[in-house]
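Protein chains: 2
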Amino acid sequence: MIASARIRGVLAPVVTPFKADLAPDSKRFIAHCKWLLSQNCGLAVFGTNSEANSLSMEERAMLLDELVAAGVDPSRMMPGTGCCSIMEAVKLTKQAVGNGCAGVLMLPPFYYKDVTEEGLYRYFSEVVQRVGDARLRIYLYHIPPVAVVGITTGLVERLLAAYPNAIAGMKDSSGDWNNTKTFLDAFAVRAAGPAPTTRAARTFDVFVGSDSFLLANMRNGGVGTISATANVNPAAIHKLYVACTEKSKFENRESNLEDPPSRKATARLDLEGLQAKLNVVRQVFSSRKFSSMIAALKQAIAIYAHDPAWRTVRPPLVELTTEQANTLASELKAIAFTMPGL
Amino acid sequence: MIASARIRGVLAPVVTPFKADLAPDSKRFIAHCKWLLSQNCGLAVFGTNSEANSLSMEERAMLLDELVAAGVDPSRMMPGTGCCSIMEAVKLTKQAVGNGCAGVLMLPPFYYKDVTEEGLYRYFSEVVQRVGDARLRIYLYHIPPVAVVGITTGLVERLLAAYPNAIAGMKDSSGDWNNTKTFLDAFAVRAAGPAPTTRAARTFDVFVGSDSFLLANMRNGGVGTISATANVNPAAIHKLYVACTEKSKFENRESNLEDPPSRKATARLDLEGLQAKLNVVRQVFSSRKFSSMIAALKQAIAIYAHDPAWRTVRPPLVELTTEQANTLASELKAIAFTMPGL
Chain A
29 MIASARIRGV LAPVVTPFKA DLAPDSKRFI AHCKWLLSQN CGLAVFGTNS
79 EANSLSMEER AMLLDELVAA GVDPSRMMPG TGCCSIMEAV KLTKQAVGNG
129 CAGVLMLPPF YYKDVTEEGL YRYFSEVVQR VGDARLRIYL YHIPPVAVVG
179 ITTGLVERLL AAYPNAIAGM KDSSGDWNNT KTFLDAFAVR AAGPAPTTRA
229 ARTFDVFVGS DSFLLANMRN GGVGTISATA NVNPAAIHKL YVACTEKSKF
279 ENRESNLEDP PSRKATARLD LEGLQAKLNV VRQVFSSRKF SSMIAALKQA
329 IAIYAHDPAW RTVRPPLVEL TTEQANTLAS ELKAIAFTMP GL
Chain B
29 MIASARIRGV LAPVVTPFKA DLAPDSKRFI AHCKWLLSQN CGLAVFGTNS
79 EANSLSMEER AMLLDELVAA GVDPSRMMPG TGCCSIMEAV KLTKQAVGNG
129 CAGVLMLPPF YYKDVTEEGL YRYFSEVVQR VGDARLRIYL YHIPPVAVVG
179 ITTGLVERLL AAYPNAIAGM KDSSGDWNNT KTFLDAFAVR AAGPAPTTRA
229 ARTFDVFVGS DSFLLANMRN GGVGTISATA NVNPAAIHKL YVACTEKSKF
279 ENRESNLEDP PSRKATARLD LEGLQAKLNV VRQVFSSRKF SSMIAALKQA
329 IAIYAHDPAW RTVRPPLVEL TTEQANTLAS ELKAIAFTMP GL
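So the protein lines, in turn, are chains A and B. In this text, residue positions in the first sequence follow our numbering: the first is 29, and each later residue adds one. In this text, residue positions in the second sequence follow our numbering: the first is 29, and each later residue adds one.
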């Protein structure tokens, strides 16, 4: 990877394992991160699915330091650092940048509602200025079903104009493709091809918050997905991502490619088929019959790693009941789901 | 005040002054708290109107220590200590209890939405057990317009059954009188009269989150209000509170009163008139033409204390524009509003 290239592709909002006393379990956390990397999956640690907002500042700081100390590559990390308090967001972001993380995924301050675009602009502006580091790459995190406070095109426009280097992109977890398309059309239109390097600072990289939109995102100028199910199904999601980029390279017949795929190889790529397979897995995990997708993901890891400790979640979430766990197990078995190498 | 009596009456969610660099201004904060106490107003520091969720953990801890060190009476304090993280809520709550605060006002964990009653029960249960102090008095904070996650009667029932001493009451900021009435009817029905002492542990004290419901609350078994406008209009709100308790004492003709008010005195109490006066003030501050009520409250203090520094708010909030400030000033002048002794 070229040093200055942006992080792209498939990332997992890494689920955070807890011990019986609810303390973060760094040993299992590091092991899961290493497995995800082995599946070509980047690490959006401290995301919504990481229960990061149930972690204290100290716990997040400690886990990030432990990951780096364990040799996990920070250039493959995009930690969540958005907090309601500017001061806390700055502290976590500084730590991430100082550790060489590829970027940070930043929630808007989510307690106060009905805030103005001006207020949100000032929040992010304060963070960029107080971090004061040219290496900072912020990915704005739009997840209105949870944070309620969202990211608007007007906000992105103002932030990009003021901080074209620091504002690197966004994750759209609205679950609304029309919204993603609006941001893609407004900010991500550019020539297809490999991730730009020197011009990278001027592009806006859109990740979709669900792998179910990965194909649509890649066809419309997006750069990948940061998806909950990447915690359990990373290889298949990465396969679609690679197929999309290969197809795009071929169709654009770019002359500057070092490794142009043959017509024969790309013609065989059934993108819709790969997307459909991902959707089948996601459908199991996102079923309303489970208390939360987070609990279901952890339950699946517990099953496939033969490690019941993985079931634990922090309140206000609750782990799956035995009955729900059995249902999940049989549904995953029915679709021949596996987690190779876990 | 009897040592074990519960805190009741009028409390202000104390607005937090900031310096130009957005650091908390403890000098102005302490002065405002002392002024509020001089107006018979208790201190619900670190509430929604305090911009507490825009403060870091360290800033809240520091401000509380500074208040106590400045001689502000902790038995008149009910700091907000609810956080998304159990660990942080425990830390702040321990500090408050250790400092002798009358109680803590606790938001539910507000990031994850659609959580179950079981999950919220586990959250509060963990906090009570981890704080592990018989002096702990929790007031559950129901503010669905902001936190979205709310407090249900089912949750209160379970918590009261498990922790009858620690679960002391609630603040209802739903803005929906029917909701307050539901909680009053379910948990607050008891003989009128002075605050119970030995039996105090078994009662559930309902504060309304707006002084506009104070009269209704007092007539239906409530114990007071924790209201934003108490920051600027504490004496008038306290006057209604006292009038309600006097009237209640008289009407119940309790034989054990040491100071029964005369029929003549209480007959003159025009409770509706006092409530109507409060509503006029509140209407000015809650007008949608201001960016937020918090900014309007701070602007009013800036005006009446001749101290423009009070205007500052932290992003994502924005201070009033000059035009809005002028409008506020003239509207307050029109209703002959004053802040005596500020």
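It cannot be assumed that every hint is accurate.
Identical copies go unnamed one by one, so any copy, or any two together, can satisfy a pair.
Only pairs whose alpha carbons sit at most 30 angstroms apart, straight line, appear in this in silico DSBU-like list of lysine-lysine [what the hints assert, rightly or not]:
{"hint": "1", "residue 1": "122", "residue 2": "141"}
{"hint": "2", "residue 1": "141", "residue 2": "119"}
{"hint": "3", "residue 1": "267", "residue 2": "317"}
{"hint": "4", "residue 1": "119", "residue 2": "47"}
{"hint": "5", "residue 1": "209", "residue 2": "55"}
{"hint": "6", "residue 1": "275", "residue 2": "122"}
{"hint": "7", "residue 1": "267", "residue 2": "122"}
{"hint": "8", "residue 1": "141", "residue 2": "305"}
{"hint": "9", "residue 1": "317", "residue 2": "122"}
{"hint": "10", "residue 1": "141", "residue 2": "209"}
Source of the hints: derived by calculation from the structure; they are not laboratory data. In this text, all values refer to a predicted model and were calculated from it rather than measured experimentally.
Structure-based check of all given hints:
| no. | hint | result |
| --- | --- | --- |
| 1 | 122 x 141 | both (26 angstroms within a copy, 29 angstroms between copies) |
| 2 | 141 x 119 | both (23 angstroms within a copy, 26 angstroms between copies) |
| 3 | 267 x 317 | within (29 angstroms within a copy, 52 angstroms between copies) |
| 4 | 119 x 47 | both (26 angstroms within a copy, 19 angstroms between copies) |
| 5 | 209 x 55 | neither (39 angstroms within a copy, 50 angstroms between copies) |
| 6 | 275 x 122 | neither (38 angstroms within a copy, 58 angstroms between copies) |
| 7 | 267 x 122 | neither (33 angstroms within a copy, 50 angstroms between copies) |
| 8 | 141 x 305 | between (38 angstroms within a copy, 29 angstroms between copies) |
| 9 | 317 x 122 | neither (40 angstroms within a copy, 37 angstroms between copies) |
| 10 | 141 x 209 | both (25 angstroms within a copy, 26 angstroms between copies) |
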